[in-house]
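*Asks:* Chains A and B supply the protein sequences, listed in that same order.
Residue 28 is where the first sequence starts when you use this note's numbering, and the numbers rise one by one after that.
Residue 28 is where the second sequence starts when you use this note's numbering, and the numbers rise one by one after that.
Keep in mind that a hint or two might mislead.
[Stated by the list, open to error] Some but not every residue of chain B turned toward chain A, in silico, with C-beta under 10 Å:
1. P34
2. E40
3. R82
4. A242
[As the list claims (entries may be wrong)] Derived SDA-like pairs (lysine to any residue); straight-line CA-CA distance at most 20 Å:
5. A:K129 / B:P34
6. A:K30 / B:E128
7. B:K129 / A:K129
Bear in mind the hints are in silico, worked out from the structure with no lab data behind them.
Every residue, glycine too, gets a C-beta built ideally from N, C-alpha and C.
Protein chains: 2
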Amino acid sequence: MNKFWNPLLNELEPYAPGEQPQDKKYIKLNTNENPYPPSPRAIAAIQQATNERLRFYPDPECLELRKAIAKYHKILPEQVFVGNGSDEVLAFAYLSFFNPEKTILFPDITYSFYPVYANLFRNKYKLIALNDDFTLPVEKFLQENGGIIFPNPNAPTGIFLPLKNIEGIVKHNSNSIVILDEAYIAFGGESADKLIDKYSNLLVIRTLSKSHSLAGLRGGYAIGDTGLIEGLNRVKNSINSYTLDRLALAGATEAILDREYLEKTTAKIISTREKVTLSLIKLDFMVLPSKANFLFITHPSLPANEIYQLLREKGILVRYFNKPRINNFLRVTIGSDQEMDNFLHTINEMVNIHP
Amino acid sequence: MNKFWNPLLNELEPYAPGEQPQDKKYIKLNTNENPYPPSPRAIAAIQQATNERLRFYPDPECLELRKAIAKYHKILPEQVFVGNGSDEVLAFAYLSFFNPEKTILFPDITYSFYPVYANLFRNKYKLIALNDDFTLPVEKFLQENGGIIFPNPNAPTGIFLPLKNIEGIVKHNSNSIVILDEAYIAFGGESADKLIDKYSNLLVIRTLSKSHSLAGLRGGYAIGDTGLIEGLNRVKNSINSYTLDRLALAGATEAILDREYLEKTTAKIISTREKVTLSLIKLDFMVLPSKANFLFITHPSLPANEIYQLLREKGILVRYFNKPRINNFLRVTIGSDQEMDNFLHTINEMVNIHP
Numbered sequence: 028m029n030k031f032w033n034p035l036l037n038e039l040e041p042y043a044p045g046e047q048p049q050d051k052k053y054i055k056l057n058t059n060e061n062p063y064p065p066s067p068r069a070i071a072a073i074q075q076a077t078n079e080r081l082r083f084y085p086d087p088e089c090l091e092l093r094k095a096i097a098k099y100h101k102i103l104p105e106q107v108f109v110g111n112g113s114d115e116v117l118a119f120a121y122l123s124f125f126n127p128e129k130t131i132l133f134p135d136i137t138y139s140f141y142p143v144y145a146n147l148f149r150n151k152y153k154l155i156a157l158n159d160d161f162t163l164p165v166e167k168f169l170q171e172n173g174g175i176i177f178p179n180p181n182a183p184t185g186i187f188l189p190l191k192n193i194e195g196i197v198k199h200n201s202n203s204i205v206i207l208d209e210a211y212i213a214f215g216g217e218s219a220d221k222l223i224d225k226y227s228n229l230l231v232i233r234t235l236s237k238s239h240s241l242a243g244l245r246g247g248y249a250i251g252d253t254g255l256i257e258g259l260n261r262v263k264n265s266i267n268s269y270t271l272d273r274l275a276l277a278g279a280t281e282a283i284l285d286r287e288y289l290e291k292t293t294a295k296i297i298s299t300r301e302k303v304t305l306s307l308i309k310l311d312f313m314v315l316p317s318k319a320n321f322l323f324i325t326h327p328s329l330p331a332n333e334i335y336q337l338l339r340e341k342g343i344l345v346r347y348f349n350k351p352r353i354n355n356f357l358r359v360t361i362g363s364d365q366e367m368d369n370f371l372h373t374i375n376e377m378v379n380i381h382p
Numbered sequence: 028m029n030k031f032w033n034p035l036l037n038e039l040e041p042y043a044p045g046e047q048p049q050d051k052k053y054i055k056l057n058t059n060e061n062p063y064p065p066s067p068r069a070i071a072a073i074q075q076a077t078n079e080r081l082r083f084y085p086d087p088e089c090l091e092l093r094k095a096i097a098k099y100h101k102i103l104p105e106q107v108f109v110g111n112g113s114d115e116v117l118a119f120a121y122l123s124f125f126n127p128e129k130t131i132l133f134p135d136i137t138y139s140f141y142p143v144y145a146n147l148f149r150n151k152y153k154l155i156a157l158n159d160d161f162t163l164p165v166e167k168f169l170q171e172n173g174g175i176i177f178p179n180p181n182a183p184t185g186i187f188l189p190l191k192n193i194e195g196i197v198k199h200n201s202n203s204i205v206i207l208d209e210a211y212i213a214f215g216g217e218s219a220d221k222l223i224d225k226y227s228n229l230l231v232i233r234t235l236s237k238s239h240s241l242a243g244l245r246g247g248y249a250i251g252d253t254g255l256i257e258g259l260n261r262v263k264n265s266i267n268s269y270t271l272d273r274l275a276l277a278g279a280t281e282a283i284l285d286r287e288y289l290e291k292t293t294a295k296i297i298s299t300r301e302k303v304t305l306s307l308i309k310l311d312f313m314v315l316p317s318k319a320n321f322l323f324i325t326h327p328s329l330p331a332n333e334i335y336q337l338l339r340e341k342g343i344l345v346r347y348f349n350k351p352r353i354n355n356f357l358r359v360t361i362g363s364d365q366e367m368d369n370f371l372h373t374i375n376e377m378v379n380i381h382p
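Please put together the full structure from these sequences, using the hints given.
*Replies:* Encoded structure:
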């Protein structure tokens, strides 16, 4: 509280990101970072761009990056918007498409940034309760609304909604926008990118943070109808003409173009995820079916917050959300095989000590 | 226009940045970039940060950078907010401190992004006409208001308002915020940084784009009372937890710490500016007194838009604003001595051909 604040600020509850300890002593399984390094092509491109031309502004149109993304999705550069991580793209999408006069819909258990944006931009919203098994109740997204947003796979559950259900929601809501947050789609789900030519009300948002091991570089994008992309550009150009610096543009472009590396690293993560799932089930955990680079787990006798604390003491960070319905769950990022062995070893000890 | 747009978008007139041709054929005197390369220490720090740790999120608190800035200004890190260029910091400041119910004040001739933010965030604003000599009419900023914003030196005039006048405005408006945009302060003006401990309603905003030759890296910051900084953090953390990537954080920190390099390069620019001013006066130009890294000039017989076009044909870009009161002026960035000789040579020919 401060007398110079816009009164709106007193009502905000900002997003709290997962811990980012600045030393190296933790095994970080808490913020869904990728255990593998970025594409060597991305690193080389950044090295090449680290020169005296940093004194010039970057390309405000981000054309080379948009071309690379367009090529990847087999669409046009005019169907691509890029931003400083998908969080920024999401914020711009709220401003661009959600009319504060109308009520938007999103799940009760989902990315916890959604209500934060809504509070900042004064959007009314209605929470749609997930089913008891944490799947998305498709029929509840067919009611009247001023816009819809949800992730696929959902976070923090990791549950993927099949494309035919996504299409059903988009098709039914032909008069309102559907924003699909595909932050975790590279880990086994099927992208709705193939629907954007068919539906002018569908905006798909992606990030390079997880799939491309570039959380530290900040690259996100949206793909959709050119009219939607134009809307996003109007907002971006009313806030900051240059949201991506020269190094991020160079690195992100090469990372996107290096499709082979993406496929190799995501395949490894998927394989590790499946192995860890089986091991956790053997230790009596319930593991939600995940198509993401994390698992959402609960144990019948060990309380989640205790596991969280014990892991932390052992130098392993996972994410615990003290929220209704999920306060006995942990979200565990899939790290390297070695990190996960370490995690499983520690979990195994806990289960044996507190059976 | 698109049926899925928030109706607000139809009213926006986004900011149009100066041309950023992506080839190298122009002498760019149009976007106030620095002619000298960034500090070698900044380049080295970026090179060192270009490694596999890019897979981790950056420090959301940006602590090392804030410490460097605090050291530079002899303040506390808690008095520093950093963002993705000063444009983003300005946008966050509008959201944080300008209550849409009240009317803010800024000059009629100033940074053209100010009305853009106001339109996006639905702020009412009143334009304060600069005096005929383009100086700031201090007394008009003493009227009732819901916030004040202006640059010092002003853009695109380059005219610096002495610190005693700044203090007068800040002191008089003890119930409303005064945002001072010091994008160009390094080129000979005196910073108001020494006033922030005394006045809790003063926010000073800076950028590394011009003074530190880092337009391509995107670094800006605000300094002020801890209450103001907390407000900015609430807004930032409701939009994007990580607005500065790992490379920008590393490069910006070292650039700020390399004070000696800053002083050397800005001294060269100031010296070039003074020489160019004299040469232009000899060619009958009127040159506004500048404490920035650009000159705002007009000629009694050569129309500005014609000079702009002729220079462009000769491969030299300057900035022309087709706006009331200044549509016979050009804004010319101070480049290297060689670039300015080239510019003066071309201008000289024009004056001789069209006397």
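*Asks:* Does each hint fit the structure? Answer for all of them.
*Replies:* Comparing the hints with the structure gives:
no. : hint            : verdict
1   : P34             : holds, 6 Å
2   : E40             : holds, 8 Å
3   : R82             : holds, 4 Å
4   : A242            : holds, 4 Å
5   : A:K129 / B:P34  : holds, 12 Å
6   : A:K30 / B:E128  : holds, 15 Å
7   : B:K129 / A:K129 : violated, 25 Å
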